[in-house]
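S.K.: Based on these hints, arrange chain B with the ligand on the given structure of chain Z.
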Amino acid sequence: MPEKVQYSDKELILRFQQGDELAYVELVNRYRDRLMNFVYRYVGTRQEAEDIVQDTFVKLFQKKDYYRPISEFSTWIFTIASNLAKTELRKRKRRKVSYLSQLGMEEKDFDIPVEDTTDEEMVGEFTESQIQNAIQSLQLHFRTALILRDIEELSYEEISKILDVPLGTIKSRINRARLQLQEMLKQVHKDRRTTI
Amino acid sequence: MDCYEFQDKVSVYIEKELTLSDVNRFDTHLDSCKGCSAVLAGVRSAVAAVRVSERFAVSSGFNNRLFNRLKVEKVKPVSRIGRMGHGRNIFGYQPRYAFASLAAVALIIVLTVGILPKGGETMPVQLSTQQGFADPAPKQINSGVPLQPSILAEDSEEDSLETPGESRRVKPGDFGGKIQLVKDKKR
Ligand SMILES: [Zn+2]
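Keeping their order, the protein sequence lines are chains Z and B. Going by numbering that gives the first Met the number 0, the first sequence opens with residue 0, and the numbers climb by one from there. Going by numbering that gives the first Met the number 0, the second sequence opens with residue 0, and the numbers climb by one from there.
Bound conformation, chain Z alone (with noise of 0.2 Å):
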């Protein structure tokens, strides 16, 4: 390929489709890190998360020739990210069931740990580990939707797409996603003054 020629997602899958792996190469370079912070909010660890996006990658590969240009190639390779992190999901699941049913315990919600930040850098009016935790607190279900919109900022009918969900249902879990957001990170506020 020739430098400096900027190709657009569908002509470089085209381009792999025909043969050409560096179309392949510049694909996993535009996606890796935005599916690596996508999937990273399912599954909550930095290994597991890198290991998804490392098989999105190799069903890329194997699967290019399933790719059909009538839709966004951005919403095929999160489509395959996100069903990846789902699978992944179930059978932590089982594992956990499983595990909880020897020790005689009851399931209860695998808790996502946001990593913590001891840098405490301000984003707007806050820190970076307080929008963090907001995000991480919110429902899967709200989670992965309100990433894929306000941080990969792709279109409603994408993350239908992408997600399995109606439209309807996506629309509503984003407006509910930010509505919780903006409570969390309201009760922030309020909790800064009182300690002020």
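Hints were generated in silico from the structure; no laboratory data involved. Do not rely on the hints blindly, as some may be mistaken.
Pulled a few chain Z residues facing chain B out of the computed Cβ check, cut under 8 Å [claimed, not checked]: (1) R29; (2) D32; (3) V52; (4) F72; (5) N174.
All values reported here derive from a predicted model rather than from experimental measurement. Think of the CB as a built atom: it goes at the ideal place given N, C-alpha and C, for glycine as much as any other residue.
M.R.: Relative to chain Z, chain B with the ligand alone:
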């Protein structure tokens, strides 16, 4: 408009996807409701915070690990068209190899037993053709297949990546010609 409806559609309002008449209803409500004004400001601030928040990125060496995995696991593309033409799904070989191998084995048996089925006729054994066994049929069929340049730098021909173009060319109907080629060679 009540507070419930306002908050139910606050995202639509922020994203400016309301009709003009709805915008007017929202604005009228905002003028008279401090609670919803605070919610609107809070949602705007939350969305802005999320947008600029830290992104999680893959660790360094991600690409190397990925490409190494593709190489070590010998990952091959799976075609959606002409699936028979892909993968080690016939006796552990790709169909073109499998059919060619079967043809060669059949020919060995035929020549050994002395019966060459052709239109129901029985053919006499031709000893001179037996020298042809020194040169395995699959190798001949596939010689000259170009290896494509690969980031995975595959070593052998069988492990080379197949492009969809190649895979589409291999269809069940194509094998007849290749079997015929083996027969022609032997004879
Ligand atoms: Zn109100």
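S.K.: Of the numbered hints stated earlier in the document, which are not met by this structure?
M.R.: Hints 1, 4 contradicted; others consistent.
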